[in-house]
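Each chain is listed here by its residues.
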Amino acid sequence: AHYKLAKPENLSMGARPLSLSGHVGFDSLPDQLVNKSICQGFCFNILCIGETGIGKSTLMDTLFNTNFENFESSHFEPQVKLRAQTYDLQESNVRLRLTVVNTVGFGDQMNKQESYQPVVDYIDRQFESYLQEELKIKRSLHNYHDSRVHACLYFISPSGHSLKSLDLVTMKKLDSKVNIIPVIAKADTISKSELHKFKIKIMSELVSNGVQIYQFPLDDETVAKVNTSMNGHLPFAVVGSTEEVSVGNKMVKARQYPWGIVQVENENHCDFMKLREMLICVNMEDLREQTHTRHYELYRRCKLEEMGFKDTDPECKPVSLQQTYEAKRQEFLEELQRREDEMRQMFVLRVKEKEAELKDAERELQSRFEQLKRLHADEKAALEEKKRLLEDDQSSFGKRRAAAQLLQAQSLTANGKKDKDRKKYVHVDTKAAVSSEQ
Amino acid sequence: SSIHCIRGTDLFGYIGIEAVLDQMRCKTMKAGFEFNIMVVGQSGLGKSTLVNTLFKSKVSRKSCAPDYEEKISKTVKLHSVSHLIEEKGVKMKLTVIDTPGFGDQINNDNCWEPIVKYVNEQYEKYLREELHINRKRRIPDTRVHCCIYFIPATGHRLRPIDVEFMKRLGKIVSIVPVIAKADTLTIEERQEFKERIRQDLAANGIHVYPQREYDEDPEERILNNRIRENIPFAVVGTDKEHQVNGNKVLGRKTKWGIIEVENVAHCEFANLRDLLIRSHLQDLKDVTHNIHYETYRVRRLNESNLNFSELGLSAVPLENGTADKCESDSHL
Chain G
1 AHYKLAKPEN
11 LSMGARPLSL
21 SGHVGFDSLP
31 DQLVNKSICQ
41 GFCFNILCIG
51 ETGIGKSTLM
61 DTLFNTNFEN
71 FESSHFEPQV
81 KLRAQTYDLQ
91 ESNVRLRLTV
101 VNTVGFGDQM
111 NKQESYQPVV
121 DYIDRQFESY
131 LQEELKIKRS
141 LHNYHDSRVH
151 ACLYFISPSG
161 HSLKSLDLVT
171 MKKLDSKVNI
181 IPVIAKADTI
191 SKSELHKFKI
201 KIMSELVSNG
211 VQIYQFPLDD
221 ETVAKVNTSM
231 NGHLPFAVVG
241 STEEVSVGNK
251 MVKARQYPWG
261 IVQVENENHC
271 DFMKLREMLI
281 CVNMEDLREQ
291 THTRHYELYR
301 RCKLEEMGFK
311 DTDPECKPVS
321 LQQTYEAKRQ
331 EFLEELQRRE
341 DEMRQMFVLR
351 VKEKEAELKD
361 AERELQSRFE
371 QLKRLHADEK
381 AALEEKKRLL
391 EDDQSSFGKR
401 RAAAQLLQAQ
411 SLTANGKKDK
421 DRKKYVHVDT
431 KAAVSSEQ
Chain B
439 SSIHCIRGTD
449 LFGYIGIEAV
459 LDQMRCKTMK
469 AGFEFNIMVV
479 GQSGLGKSTL
489 VNTLFKSKVS
499 RKSCAPDYEE
509 KISKTVKLHS
519 VSHLIEEKGV
529 KMKLTVIDTP
539 GFGDQINNDN
549 CWEPIVKYVN
559 EQYEKYLREE
569 LHINRKRRIP
579 DTRVHCCIYF
589 IPATGHRLRP
599 IDVEFMKRLG
609 KIVSIVPVIA
619 KADTLTIEER
629 QEFKERIRQD
639 LAANGIHVYP
649 QREYDEDPEE
659 RILNNRIREN
669 IPFAVVGTDK
679 EHQVNGNKVL
689 GRKTKWGIIE
699 VENVAHCEFA
709 NLRDLLIRSH
719 LQDLKDVTHN
729 IHYETYRVRR
739 LNESNLNFSE
749 LGLSAVPLEN
759 GTADKCESDS
769 HL
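Each protein sequence line maps, in turn, to chains G and B.
By this note's numbering, the letter at position 419 of the first sequence is numbered 419, and the numbering carries on one by one without gaps.
Counting the second sequence from 1 gives a position; this note's numbering is that position plus 438.
Worth flagging that the hints you see were computed from the coordinates, not collected in a lab.
The reader is advised that the hints may include incorrect statements.
[Unchecked claim] Residues of chain G placed beyond 10 Å of chain B at every Cβ, according to the derived structure:
(1) Ser28
(2) Leu33
(3) Asn111
(4) Pro118
(5) Ser162
(6) Ser191
(7) Thr222
(8) Ser229
(9) Met343
(10) Ala414
[Stated by the list, open to error] Once the Cα atoms are required to be at most 25 Å apart in a straight line, the calculated SDA-like pairs of lysine to any residue come out as:
(11) G:Lys386 - G:Leu407
(12) B:Lys686 - B:Glu525
(13) B:Lys605 - B:Arg634
(14) B:Lys619 - G:Val348
(15) G:Lys36 - B:Lys686
(16) B:Lys465 - G:Tyr144
[What the hints assert, rightly or not] With beta-carbon atoms standing in for the labels, derived distance ranges:
(17) B:Glu657 - G:Ser159: 29 to 37 Å
(18) B:Arg575 - G:Glu69: 32 to 40 Å
(19) B:Glu657 - G:Ser140: 20 to 28 Å
(20) B:Gln649 - G:Glu244: 51 to 59 Å
Quick caveat, the model's predicted, so the values are computed rather than measured.
The beta-carbon is built from N, C-alpha and C at its ideal position, and this holds for glycine as well.
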């Protein structure tokens with residue numbers, strides 16, 4: 001249930017206080033509300049930003065006393081990506097839908113100028129998704145799976161010196177969008193005295209760069225004291241481990257070195273317990289509330305203003321939402337129409353071009369055909385000519401042969417004896433005639 | 439992305455997630471609650487007395503009081519009074535909306551209209567605030583969470599005015615009908631009267647609180663079924679105390695005995711109080727917010743042709759209800 005909270009003074013506006021003469025029973029209201037929330041379950045979404053291998057997954061496992069699915073990332077991601085995984089946890093009667101979002105490849109690129117952008121985009125996308133649901137006509141907000149980031153753990157490298165410029169740039173881009181809780185990762189690599197100096201340096205750098213990190217709330221007396229003290233311990237120096245080592249007669253979560261055992265849950269060794277206390281046991285609800293009433297409202301306001309919606313016009317008269325909406329809608333429809341016309345024009349142009357192309361091709365084809373036809377006709381004519389010549393030859397040869405045969409026949413009948421000689425003579429003659437023809 | 443389930447047994451140790459319940463409790467107690475209750479019924483049915491008995495304080499002024507100045511108006515005029523009450527650290531702004539004049543005229547045609555108008559006006563106010571760019575951190579909630587409808591203890595059936603009113607208002611607000619001044623009915627008469635009323639409600643398609651279709655799970659259904667079998671509650675109200683068996687009890691003293699208001703053997707006041715305040719108060723508010731208000735909002739947005747998805751809020755297409763193109767020009 002999303003209730004918006006206000007100061008008690010606002011509640012009493014227009015209402016006179018009255019005392020009750022007996023027990024009415026509405027003191028059960030907080031319980032009624034809590035019971036409904038138990039039935040619905042809670043959502044909590046944590047975003048972990050940090051370099052590859054800095055210990056984000058291990059810390060989440062340690063925080064929630066379980067083994068989430070972890071993937072070892074490579075150092076060669078071309079771009080920063082975000083990986084979100086959702087888990088349904090249950091502790092006694094409380095059901096928590098926890099989403100853990102990890103950056104992948106953060107800080108690995110040569111050029112880190114755009115590294116923060118995928119993170120900002122992810123956070124904005126979740127706000128956008130909620131805003132869309134809120135603006136739907138038929139909506140179901142109380143069933144909606146809230147994916148907005150409630151807490152952002154920023155993992156600082158335990159260099160011991162100062163914040164990296166990537167850290168400052170990233171946190172500055174995120175501080176108006178999400179509750180940032182900076183933590184010093186792998187704090188077992190820093191000595192106590194160095195850690196103290198490191199923390200002071202980090203906090204002063206954050207202040208001097210105007211980075212607004214999440215302040216544990218001080219307005220509720222029941223938690224003001226512990227929150228004030230915790231605010232002073234930021235950033236939390238954490239160590240994560242799911243492996244157990246025997247210390248004394250107990251098994252504790254720890255990291256074992258040849259020179260000693262770093263106990264995760266020992267407050268002298270690191271601030272892990274403080275982080276768990278603050279993040280979960282004391283301020284989880286406040287983190288959710290701040291996300292909804294501050295960060296989301298800011299996003300929504302900016303988004304709607306960007307779209308041209310206003311509450312009052314330049315003369316400070318209230319603007320009817322419908323007027324603005326109608327104007328916007330008109331603008332939008334005109335834009336759509338313009339784009340449609342543009343596309344139609346382009347289409348017509350393209351068709352014309354294609355038509356011209358096709359015409360050219362057709363013409364070319366036609367001329368080629370004509371050419372071939374001509375060639376063919378020429379060849380045919382030449383062949384006809386040759387045929388005619390051959391026929392002429394054949395007919396003249398035929399004539400000559402006929403003439404020679406006639407002569408031969410004539411000489412045979414005229415002179416019998418002399419025929420033999422004449423025959424020889426004629427033969428020779430015929431042969432000579434034929435050979436002279438050739 | 440897929441959702442993985444990790445049960446309590448998979449957790450290697452206690453984390454402290456359940457602390458979130460106390461965090462929530464603290465915050466809501468600090469913020470306080472609002473509750474708006476409307477009483478409808480003709481004069482003299484004991485509306486103010488009942489509300490005062492429910493909340494054990496003078497949250498409503500009785501019209502029979504000597505300093506009550508208002509004359510009987512020609513129309514129903516709604517009148518709302520807010521008080522801040524506190525119990526065990528829980529602060530509540532209780533607003534009682536009275537409807538003097540309802541059912542009192544000779545001609546009661548359309549006497550529900552001012553009430554319908556009022557209920558819708560509160561939804562409208564909330565909607566406008568919700569649509570602002572710069573919104574208040576907490577939108578003031580003046581929406582009617584519960585409407586107690588007073589049925590006179592005739593012992594017969596529902597009258598036409600009862601049917602007409604509950605039919606129309608039942609669609610836009612949660613109605614809790616009660617039999618007023620029930621000390622004029624014997625137990626048997628009361629049971630028969632209630633049965634006939636339940637039949638009349640069913641015959642006219644009137645859904646009173648708790649509405650069957652809004653039961654969220656089987657457990658709630660069983661609980662609410664028991665309530666539905668017993669409504670309307672037959673109530674008696676008083677602000678006077680008497681001595682009974684050495685105890686101070688709230689009761690009406692008559693010549694034939696003392697009617698103990700909080701005694702379930704005498705009347706069903708305690709059942710009503712438990713329903714309205716001790717067990718279902720938050721549910722009344724939730725039904726108003728998640729169902730009645732949303733229904734109003736859908737109608738209004740469709741009327742005004744306000745379909746934000748058309749403006750291309752994002753690349754992802756939205757699904758929404760069909761927009762009824764309405765001729766009336768309404769200003770949102």
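Q) So which of those numbered hints doesn't the model satisfy? A) 1, 2, 7, 11, 14, 15 and 17
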